[in-house]
Amino acid sequence: MDAAEVEFLAEKELVTIIPNFSLDKIYLIGGDLGPFTPGLPVDVPLWLAINLKQRQKCRLTPPEWMDVEKLEKIRDHERKEETFTPMPSPCYMELTKLLLNHASDNIPKADEIRTLIKDVWDTRIAKLRVSADSFVRQQEAHAQLDNLTLMEINTSGAFLTQALNQMYKLRTNLQPPESAPSQDF
Amino acid sequence: MLFLSRRAGFSRCIVTCGSDGDVRIWEDLDDDDPKSINVGEKAYSCALKNGKLVTAVSNNTIQVHTFPEGVPDGILTRFTTNANHVVFNGDGAKIAAGSSDFLVKVVDVMDCSQQKTFRGHEAPILSLSFDPKDIFLASASCDGSVKVWQISDQTCAISLPLLQKCNDVINAKSICRLAWQPKGGKLLAVPVEKSVKLYRRETWNNQFDLSDNFISQALNIVTWSPCGQYLAAGSINGLIIVWNVETKGCMERVKHEKGYAICGLAWHPTCGRIAYTDAEGNLGLLENVCEPSGKSSSSKVSSRVEKDYSDLFDGDDTNNAGDFLSDNAVETPFSKRIINDDEEDDDLMLASGCPRQRSHILEDDENSVDVTMLKTGSNLLKEEEEDDQADNIHNLPLVTSQRPFYDGPMPTPRQKPFQSGSTPVHLTHRFMVWNSVGIIRCYNDEQDNAIDVEFHDTSIHHATHLSNTLNYTVADLSHEAILLACESTDELASKLHCLHFSSWDSSKEWIVDMPQNEDIEAICLGLGWAAAATSALLLRLFTIGGVQKEVFSLPGPVVSMAGYGEQLFIVYHRGTGFDGDQCLGVQLLELGKKKKQILHGDPLPLTRKSYLVWVGFSAEGTPCYVDSEGIVRMLNRGLGNTWTPVCNTREHCKGKSDHYWVVGIHENPQQLRCIPCKGSRFPPTLPRPAIAILSFKLPYCQTATEKGQMEEQYWRSVIFHSHLDYLAKNGYEYEEGTKNQAIKEQQELLMKMLALSCKLEREFRCVELADLMTQNAVNLAIKYASRSRRLILAQRLSELAVEKAAELAATRVEEEEEDDFRKELNAGYSNTATEWSQPTLRNKDEEDEEDTGEADDKEEKPEIHKHEQNPFFKNANSSDVAAIKSGAVISSSQGRVNPFKVSANSKEPAISVNSARSSNILDNMNKSSKKSALSRATNNENSPVIKPLVPKPKSKQASAASYFQKRISQADKNEDANEENPKNSSSETPVLCPQNTESQRPKTGFQMWLEENRSNILSDNPDFSDEADIIKEGMIRFRGLSPEERKAWTTKAKGGTTSDGAEAKKRKRVVDESHETENQKEKAKENLNLPKKQKPLDLSTNQKLSAFAFKQE
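Sequence lines, in order, name chains E and A. Numbering of the first sequence is given in the UniProt record's numbering, commencing with residue 1 and proceeding in unit increments. Numbering of the second sequence is given in the UniProt record's numbering, commencing with residue 1 and proceeding in unit increments.
Chain A with its partners taken away, still in its complex shape:
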C-alpha cells in the first residue's frame, strides 16, 4: 500500500502511496482531504527528496513527479518487471531501485543516462538502503542474501546469507527493510527473524543483535532515529519496538491493536515521533517515542480504551455518516506484509528516503482513513506540526506499554449505555425510541434541533413536536408520559424531563436536575413511575408526577434499563469481559406494593463476542433481551428464572450484513416485531421503515423430524404461556381462555408425541411423556395404550396415574393449609385436580371397557397411524377439555356440579361418560368461558389486558365484604343470578378435572334430595335421557318444597361435613346465618361476601345458590 517521507523544512507533510496507484499528500494526520496524485495503476514504492517525488509503479518504471504539484517529470529508468523499492541517497542526487527482475539500479536523478546496474542477486530484490556516505549500497533479496555493494564499481562487498529463501516478494516472510545508521553509517541494521542484526561497516562482522522477549514473529522493518541513537523495528504481527542502540535496552514496545503487519516505519526528522503503516492500509503515529521525560505511555492506555470503545460500538455500522471514522479494516487474516491476499492485492513497499527526513503515512484504499495516534504531550510538537492534536482521530489501534508486554486475553471495551429501540446518537436523524407505544425521532441538523413524538395508537395522545434546545439524547415513551434526559454541559446540569401527558391537572411537565457531575445514562418508564440510572452508579426512582422515590446504588455502570408495569429490568457491567465478550449483570425488581428483587445481579448470558442491543419486556411482561448476534432470549420463570433463547433473527436474514432491529415482543400471539434493515444494524428514519413479524423458534435439536418439531412446539408453548402463571401468582387478571387453550395445545402435543413414540415402540419414552401430562391426558394415554394392545405400557401408565393422583392430593392438602390469596385464585384448580384421583381409576376402567367396546369396530386397522389417531384425537380433545369441561359444565349449569357426580358414582356411569364426551360439552365450554369473560369484564370498572385484582385477603374480609356489598346492591337491580355467574365461573372454571371433584365434596341438600327423588322424576318423565334434564326437573321440584323441608335437607347434607376442620367451623357461623335467612337470595349475597375458599361448607351453599341461580334463568 503505501508509504512516504516527510521533509521538515520543506513541506511538513506526509506522503503515502498505495496499491490504488495514488500518492497522497497529508498535511497532517487528521487531514481528511489529502491531496492525491495519480501516478499509475499501482504504486509499489515512493521516495521524496528535494521536491522530487520518485515512485515505482506497475508499468515497470521509476517515475519522477514534482512535489508538491504532482506534475510528471519524466521517467528515470525501466525494469523488465516492477520495482519493489526505491530510495534516495543522502543528498538526493541519486536513487536506487530494486526490482523483481533481480536487478538493482542506481540512477542519477538529474541525468538518467547515468545508470549503474548491480547484478548478483538471484531472486527479486526486497529492499535497499543507501550508505549515508554514498559508498555502499545494501540490498536484501528473496534469494535469502543481504548484499552490500560498492557503488563506485558495482562489486559486491559482502554477501550475507541471512534470510529465508523464497521465490517472490509475495511469499517472502519479511520485506527486510534494512537501514544504515545515519551520520556516518557505522552500522547496518538488518531485521532477521526475531532480532535485528547490526553489522559493522568495512569489517561486516556481526557487531551485536537486538532482540526482545516479546517479539513473537519475524521483524519486517528497521529504522534508525535521525540521531542514530535509537533503532525502531516493526514485526509482521504488529509489534513496534524501539531500542537504544548504545545500551541495547528496549525503550518502548507498542502493539498494533489489530496485529496487522507493520510495513513502513519512519522517524520524524526532529522529534520523537514514529509514523508507521500497516499492511491493511492504515497509518499511525507514535508520539513521544524516546522523549527524555518518558511520559510516553502513561495516558495512552486510558485514552485508548475509551476511544476504541466508541469505535467498537458506534463505528461498526456502515451507514454511519458524520464525523465518525469507522474502522473499516477488513479483517482478513494475512500474514505477509507485502501483499494482501484479498482482491486488492496490494503490494506495499516502503521506500524510505534518508532516515533523517521522513515519516510515514498509511492510508486506506477506500480513502477512509483510519488514522491512529497516541496523543500524549503532543503540544511539544506544535512548532513542528501544524496541528498535532488530531482531535477527531477516533481510534488508536496501538496499545503501548512501557513494561513487560502482555499478550494474553485482552479486555473487551465496555459497551456504552443505550436505550432500547434507539439508533446511534451521532446521527443527525435518529430514533430515540421505537417501542410498542410509539416512536420518538430526533432531528439534529443545521436548521433544526427537534424531537418528534408519534404514537402508534393516536387515541393515546396526538403526535407532538418539541424543540430540543437542551439537546436531549435519551428518551422513553409509555402510555402515560414521555421521558427525556440530557447530559450535563459546562453550564447546565444533566436533566430529566418528563411530559406527563396523561396527568389530569393542567401542568403536564416536570424537570429534575441531577446533582453536579452526575449524568443520566439510561432512563425508563413503568406504570406510574420513572427511573434514571446515572454515571454516579445511582438509580433514581421517581413517580410519574415527579415525586422522588427510592435511590439505590447500582453494582456497576448501567448498560440499559426497561420498565413494564411494576417491573424494572436493569442491565449493568458486572466487570470486564475478555476477548470480545461483555460481562453483564442483570437485576429485576418489582416496585409494586411488595417491593422485591427477583433477579439479584445474576450474570446475563450473551452469545460469545456479542454485546447487548435491546432489552425490554414482552407485551405480557416477561423480560427479554437481544444481543448483537440476533439471539432473542426470554426469562423462563418456570425454570428458576433462567434465560431461554427463543429466536435467532439472523436466521431470517437474507444477507450477511442484514439485521433485524427489534421493536417489540409479544407472547400471545407469538410475535417478534422487528424492522428488517438491509446492510445495517438499524433503520434510517426515512423512508419510514415498516415492521415485519418473525416467529419464534427454540433451538431444539432435529427440528426437521416430527419428534423434534413437536418437542420444540411443546416447550415453546410452555415457555410462552408461563407468563400466565406469573400473572396469576401476582394477582393480575388474565384470560382464562388463553390458559385453557394453552393447556389444551400442550396436552395435544404431548399426546401426539406419545402416539409417535408408541408407533416407534418406545414405551419407556411414552411413560416419560405421560409424566408431563395432566391427569386427563394420562387417562387417554392409558386408553390409547390399551387399545393399541400395549398392555405393559397401559399398566405402567396407570401406575403413573395413581402416583400423580397421590401427589396432587398431597399438594392439595398442603395448599389447603396455606391461606393466602394466591391460593384463592388457584383453589379451583387444586381442588379438582386432587379429587380427581380416585374416581380416575374407577372411571378409567369403566371407560376402558367401554371404549374398547366402542372402538373395537373401528380398530380393525389400528396399525394405520392416521386412523389410529382420529379416534384418539377426538378423545384427546374431550379429555383436554375435561379440565375445562368441568368448569364449563359447572358454570353453564350454574354450579350444578354434583348431579354429574351423583350419576357417575351411582348407577349410570354410562350416561355420565357419554355426556362428558358429548360435543355439547365443547359448546358449553365456549359459552361458559365467554360468559365468564364477559361477566368479569362487567365486574370491573374497566378491563385492560392486565389489571391487578382487588386483593381479598382474609384479614380484610370486612372491607372486601363491604366492597361486594356495594356491588351486589347495585346488581340487585339486575338479576342476581347473573351476579352469581362470575363468582362461580371464576372460582370453578379453572377446575381441571371436574367429574371427580364431586366424589369428595360433601353433597348438598339438593343433591341428596335429588338422589332420593331421581326415580320419581324418571318415572314421571320417561323421555328424559339427559342428566341435565333430570336435574332441571329436579330443581324445579326442589324449589317447590317448603323452606322448612329444604332447610332440613341442607342440614342433613351439612351434617356429614361439619367435621371438616376448624376452618370450616369458624366460618360456619356465617354460613348458618345465611341459612337462617331462608332466603336464597340473601344466601347468594352472603356467599359472595365469603372469601372464595373452597371449603366444603361454602361449596354446599354455593351449589345451592347455583341451583337458585339456575331457577332464576
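Chain E extracted, bound-state conformation:
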C-alpha cells in the first residue's frame, strides 16, 4: 500500500461542513448524505467536503481535536510516553494534511496546527524507528506496537518486512558450513 492509498481510505472519514447551498438528501452506495441546508452543519466524508470546499460550496469546521491547545497536550504526552499514545483520530495525519491544504482559511491557527501535527508525527516515527531498531538488534521473534495509525504502519511496514526478509536470507546463508571459515576470519 502506498501513501496515496492510505489517504484514499482516510477520505472516508466524516468531517463537518457548513454548506452554503441547499440540496435534498443524496443517496449514495456508501450511505445517505445530507440533507444540506445553508448554514447548518452536516457531516460528510472528507472527499466530499474537499470537493465542495474547492468549489466554494461550503465552509469546513475543523474536527474537535484540531485545536492548538489540545494538540499541544497530545504532543507533550506523546513525548513523555515511551510507547505510542492513542491519537485523536485514526487518520490524523491525512486529515490534517488534506484539511490544511484545502481549507486552511477555515481553520484557526492553521500554521501552528501544521507544526504541532508534524511534531507529533516526528516523535512517533522516531519511536517507531527506535523500536524497529531494537527489534532487529535483539532478534526478537515478535513485537507488539499499539496505537499505530495506518499511515505510520505504512511508512515503515513495507520497508521493515523486506529488510527482515533480507536479513533472514543473509543470516540463513551466513550459517557457515562448519568446515569452511568465512573470509573474515
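Among the hints, erroneous ones may be present.
Computed cross-link-like contacts, DSSO-like style, restricted to lysine-lysine with a CA-CA straight-line distance of at most 27 Å [unchecked claim]:
#	chain 1	residue 1	chain 2	residue 2
1	A	Lys654	E	Lys70
2	A	Lys258	A	Lys744
3	E	Lys109	E	Lys57
4	A	Lys654	E	Lys73
5	A	Lys116	E	Lys25
6	A	Lys678	E	Lys70
7	A	Lys759	A	Lys739
8	A	Lys595	A	Lys697
9	A	Lys678	E	Lys109
10	A	Lys133	A	Lys248
11	E	Lys109	E	Lys73
12	E	Lys97	E	Lys12
13	A	Lys609	A	Lys739
14	A	Lys678	E	Lys73
15	E	Lys73	E	Lys25
16	E	Lys53	E	Lys109
17	A	Lys258	A	Lys194
18	E	Lys70	A	Lys656
19	A	Lys248	E	Lys25
20	A	Lys707	A	Lys744
21	E	Lys12	E	Lys53
22	A	Lys759	A	Lys707
Think of the hints as simulated: they come from the structure by calculation, not from any bench.
Starting from the known structure of chain E, fit chain A onto it as the hints suggest.
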C-alpha cells in the same frame, strides 16, 4: 473592604483600602486607574492625615506609609491580633487604634514609643473616635458597651451598655462607627439599633435620639458634616439618612439600590457630598446633600432609571468589554457589614480621619469599579474637584427620594429595544443579525467601520461588504433585501436604508429619513415589505421598493419586531413591570390582501424576572420568542392563540453561565437552531461560531414514564403541525404528505396510549383517549378492546364512534352550506369524514367478526403486551392510513372511488376489507402522494415551500375558468389524463375515510353499469380476485359501449341525485353542457373549470372522468 479619607487642600483624592491589602488612591470617582499601594495581605482600616497614611493590616500591626508616594515609613504599634479601626486625632499627631485583642492604643505618630493603652473592654473593639479637643476618646466594643476614655490618664469616663453583645467583629450586628461632633465635640453620636443616640459631653446623658420611620434595620455608621450641623447615618440594609441636628428633621433619605450594608461614610470637607462605601466593595457619592437649594433629588431619579437600565441589559454579560462598567457585584446575601461570608472574607473597617477632612471611596476587589453617583448640579463642585462630572459612570445604585421613602415592589427598568439575533451594540465586533437567511456583522474599530453581509445560501446573493459611515446600528436580512437603520445624530436624521438586491431594475437601494426627533428603534423585513418602529411610537410600513405604506401608532415603546411572509410580530412595553418582571404586549398582524390583526396587544408571557431576548417566526411561519431564562415559546394557534413553552435551552447547558443563542426555529423537522455560548449569553464573531441543533420538549409531567413521554410526544406533534392547518386556512400550499404523516404519527401515539391504559385497566381513560382519535383509529380501538375482551370498553367506544360520526355529519352539513374557498380546500376532508359514519358501524361489526376470527389463533396470549401490540400496530397503520388510503386509492385509480364502495356495500365485504388492509394500499399511498406532489409542482410555475394558492372563489369563476382553460390547452399537448391527476388528488387526497365515502355519494353511470355487469365480468374472468381487476375490465367494457348507451347510464345515475339541492341544480346546466359534448375529454376540461366543490353532480362527472383518465393510461 475599604475606606478612606480625603484632604481638601492637600491632594483632593480619595483613598480606599480593602481586604485585598491594597490602598488605592483615586483622583476622582471616575478615575479608572487608581494608584495602588500594597500595604499587606489585608487592610482592615486606614486613615490619612498630614501626608501620612496609617493602615491596620493583617499582620497585627499599624503601619505608616508616606502619602501619596506610598513608601513604607515604619510601624507604629503592634497588637496580638489585628486592629479593627484606626483614626487620627484632630491635628494628626496621634492615632488611636482598637484591636480584636480588647485593647485600644493611642500612639504618637512622630514617636511611637509614646503609647497609651486603654484596658477595660471585654471584647474586640469595633470602632473609635477622637474627641476634637483631644480630651476624650470614645470606643465601641463587641462587649456591648460604648466607653469614653479620658486620654490623659486612660481612665474610663463613662461606660454605656448600648449595644448587643457578641463575641467577634464578624458577628457584630453593627460596626457602630460613632462620632464626635466637630468643632468642640459637644455631642457624641452613637448608632444604636435603628436610631442615633446623641450624648452630651461631660454629663454623658442622652441628649436626644435621631430616628426615622424608614429605618428598618440597624444603623452601622454615623458621620457628622464638617460644619457639625448635619449628621449622616448608614444602615446595614443600605439606607443613608441625613438629619439636621438642630431641627432633628430628616434632610435626606437615600436607599442603596442593591441594599448592601453601608460600611463607610464621609463628608466632603467643604461641600455637600457624602462618599459612602458598601460591604460589597462599591464606592458611591451622594451629591448636593443638604445644599441650601435642595435640588438634590429632582433629576436623580430619572437619571437613575436610565442608567441603571443600561446596566441591566448590557452589562450582565461577562464578556462585555469596552467602556462598559458592568455591575459585577456578587449577589450574595450578607447581613454583616464587616465581613462577607464569601471566600473573599473581607473585613471592612472604616477608619475615618477627622470628620472635617475626609470622604470615602469604595472599590471592588476585582478592581472593576462600580462607582455610583448622583449627578445633579455637580458643577457647583468644580473648583473643588477636578472633574465631578463623572461622565462615564454608569450605574447609580442609589435611589433618592426626598419625601417618604417607598420600600414596596420596585419597578423594573424597561428593557431596551433590540433586534433578534444581534449582539450588544457597544461591542466593536458584533452580529447585527443572524437569521435563517444569513449573517450581518458589524466591525467598528479604529481602522474600520464596516458591515459584512454573508448569506448562508450563496445562491441568494453573494457576500457583501459595506462601509458603515452612517453608523448603522440595527439591521435585518431577508431573501429580498438588506435593511439597515441608524439613530439620528446632531446633524443627520435617523435613516432607514434598504438594499433591495432582488430588485430587477438597476437601482437597488433606497434611503428614507425619519422626521426630526424620531429615531428608529426596531426594524424588520417581511415578504415584499419592511417595517420600522420609531421612538415616536409609530410603526411605519414600506414596500420593499420604498413606497411608504400604512403608519400606525404602537401602544407602547417597541421592544422588538419580526416579519415573516405577510405576518408582522411586534412586541412592546405595555406598562411597567415590577420586581424584575417585564410587562410586554404583543401584536400580530397580517399585512396580506386581507389585512387583519390576529393578536390585539395581548400580554406576552415571560418567565419571572426575565426579559425578552429573541422574537421571530419558525421557518413555517409560527411566531416564537425566547426569554432570558432560555424558555422558547411558540404560538399555539390551535388553542386560541396561546403561547406554549416548547423548549428550555437552559436544560441543555452544561454550565450555569452557559447559554444558547437562538438563531432559528424549524417545525418540520423539529429543530431549534442555536449557538452554544460558553460563559456568556451571546457568541463572539471570532472564532466563527457553529450552530447546534436542540430538540424540543414540552414541559409535561412525568416524562420519565411511558405515559408522560407519549403524552408529550402527542401534544408536541399536535403543536408542531398546527401550522399546517394555519397554512391551509390561509390558502398557502403545503405538503399533503407531511400532514398525513403527522396524523398518522398522532394516531399511532394515541393508540399506544390506549393500549397502555388498557393494560393498566384504565378503561375510562381509554375512552378519553379515543375521543381524541379519528374515526378510523376509534374503529381500531374498538377492535382492540373487543379482542382483549374488554366488552364494556368496546361498547363505550362504539357509542363514541357513533357520536363522532353524528358530529362529523353535522359539521359537514354546516360546511356544505358555507361557500368559501377555504371550504374548497377542506372539502375532501369533511365530505369523507362525514360519510364515513354509517358504514363505519356496519363495517366495524363485520371487521370485528372477521378480525376476531383472524386473530383468534394469534390471540392465545393476548396478555403479552408486545404480542398484543403487533397485530394491533399493523392495524393501526392501515387504519391511520385509511384516511390516506382512501385518497391514495382514489387517486391511484384515477378517482375510481366507487368500485370499492360498491363491493363494500354489496356482496363482497370480505374483499373490500382485505383490499383495504392489503399492503398494496400502502404502496399506493406512497405512489399517489408522490404523484400528487409532483403534479402539483408541475402545475405551479415554481414551487417554493409556501406559496399562496390562486384563490378560486365562486364569484371569480370566470376568471378562474379562463386560467384553467389556458393551462389545459397547454396540457392538451400532454396527456389529458395527467392533467386530471392533480385535480383528483388535490381534491380527494385529504379524504380521511374513503371506504365509506361512497355510500352516500350518488352512483355514477359507470358504477351502475358495473353493478349490473359485474357477474358477467366475473364469469368471463374467473381468475379475477382483485376488485381492481374487475373494475379495470369493467371500464374497458364500459368504454366499448356506444356514447348513447353511456349517456343513458349517466342520466340514470344522475336521476337519483338531481334532487340534491339548489346548488346542484344551478350548476347542473354547466354539467349538462358537458354531457352534451359527449366527449369525455371535453368533460374533463369542463370539470376542471368547475370549482372544486364536491357536489354530487361534480362527483359523478368526476368519476366518469377518472374512468376516462384511467383509460388513457
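A quick look at each hint next to the structure:
{"no.": "1", "hint": "Lys654(A) to Lys70(E)", "result": "holds, 20 Å"}
{"no.": "2", "hint": "Lys258(A) to Lys744(A)", "result": "violated, 56 Å"}
{"no.": "3", "hint": "Lys109(E) to Lys57(E)", "result": "holds, 22 Å"}
{"no.": "4", "hint": "Lys654(A) to Lys73(E)", "result": "holds, 23 Å"}
{"no.": "5", "hint": "Lys116(A) to Lys25(E)", "result": "violated, 90 Å"}
{"no.": "6", "hint": "Lys678(A) to Lys70(E)", "result": "holds, 18 Å"}
{"no.": "7", "hint": "Lys759(A) to Lys739(A)", "result": "violated, 30 Å"}
{"no.": "8", "hint": "Lys595(A) to Lys697(A)", "result": "violated, 34 Å"}
{"no.": "9", "hint": "Lys678(A) to Lys109(E)", "result": "holds, 21 Å"}
{"no.": "10", "hint": "Lys133(A) to Lys248(A)", "result": "holds, 25 Å"}
{"no.": "11", "hint": "Lys109(E) to Lys73(E)", "result": "holds, 16 Å"}
{"no.": "12", "hint": "Lys97(E) to Lys12(E)", "result": "holds, 15 Å"}
{"no.": "13", "hint": "Lys609(A) to Lys739(A)", "result": "violated, 38 Å"}
{"no.": "14", "hint": "Lys678(A) to Lys73(E)", "result": "holds, 21 Å"}
{"no.": "15", "hint": "Lys73(E) to Lys25(E)", "result": "violated, 38 Å"}
{"no.": "16", "hint": "Lys53(E) to Lys109(E)", "result": "holds, 19 Å"}
{"no.": "17", "hint": "Lys258(A) to Lys194(A)", "result": "holds, 20 Å"}
{"no.": "18", "hint": "Lys70(E) to Lys656(A)", "result": "holds, 24 Å"}
{"no.": "19", "hint": "Lys248(A) to Lys25(E)", "result": "violated, 83 Å"}
{"no.": "20", "hint": "Lys707(A) to Lys744(A)", "result": "holds, 19 Å"}
{"no.": "21", "hint": "Lys12(E) to Lys53(E)", "result": "holds, 16 Å"}
{"no.": "22", "hint": "Lys759(A) to Lys707(A)", "result": "holds, 12 Å"}
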